[in-house]
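If you count by our numbering, then the sequence shown holds residues 559 to 716, one letter each, in order.
Hints in this document: simulated from the structure, not taken from any laboratory.
Every residue gets a Cβ at the ideal spot worked out from N, C-alpha and C, and that includes glycine.
Hints should not be assumed to be uniformly reliable.
Cβ pair distances, simulated, as ranges [what the hints assert, rightly or not]:
(1) ALA679 - ILE562: 40 to 46 Å
(2) PRO579 - LEU599: 15 to 21 Å
(3) GLY617 - THR682: 52 to 58 Å
(4) GLU687 - LEU603: 51 to 57 Å
(5) ALA706 - LYS681: 36 to 42 Å
(6) ASP697 - VAL585: 51 to 57 Å
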Amino acid sequence: MTLISIASSFAIVLGFAGTLPHIRTMVRSRSSNGQSPTGWLIGILVNVMTGYVNLAGLGAVMLGVGNVIAGSFAAVALFCVIRYRSGEPVMPAAAEAAAAADADVRPLATVHELPTGEFTAIKTLIDEEHARRESFRVDADVAERAFADLGEPVAVAA
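The whole structure should be built from the sequences, with the hints applied where relevant.
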């Protein structure tokens, strides 16, 4: 296997790895927000041209088949973009239940909608608040025991 064959195989695998999560997200949310049909058309064009070079120019059948599959995934993604173009995202069951709850109780965003940095910041704040409350509780218990010890009468043997 030549270096170009290895690089082409790696590029095809990266294409699969990048395309499948986009398709899954569009199908699950029934929305193509943020997706460009032009980008997917370019992806199809690149895979067709690379597949032609691999099949006709190099005679690399396996690489050509990989390009055909990657182009098919890009075509499916383009279909999803066009199909769900004007659609509003469908709320998952948990989000529907939260929407039915009181506005005061409803979370602003579900966990999967938070970027990693925000989730880490929220977790840090929660951990700090927990530590503060725990230290306050321990201090209150110590003070309460000390006060109870001072206020109890000493039993005198008669």
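Going through the hints against the structure:
1. ALA679 - ILE562: 40 to 46 Å: 45 Å, holds
2. PRO579 - LEU599: 15 to 21 Å: 19 Å, holds
3. GLY617 - THR682: 52 to 58 Å: 57 Å, holds
4. GLU687 - LEU603: 51 to 57 Å: 53 Å, holds
5. ALA706 - LYS681: 36 to 42 Å: 37 Å, holds
6. ASP697 - VAL585: 51 to 57 Å: Hint holds: Cβ distance 53 Å, inside 51 to 57 Å.
Hint check: no violations occur; every hint is consistent with the structure.
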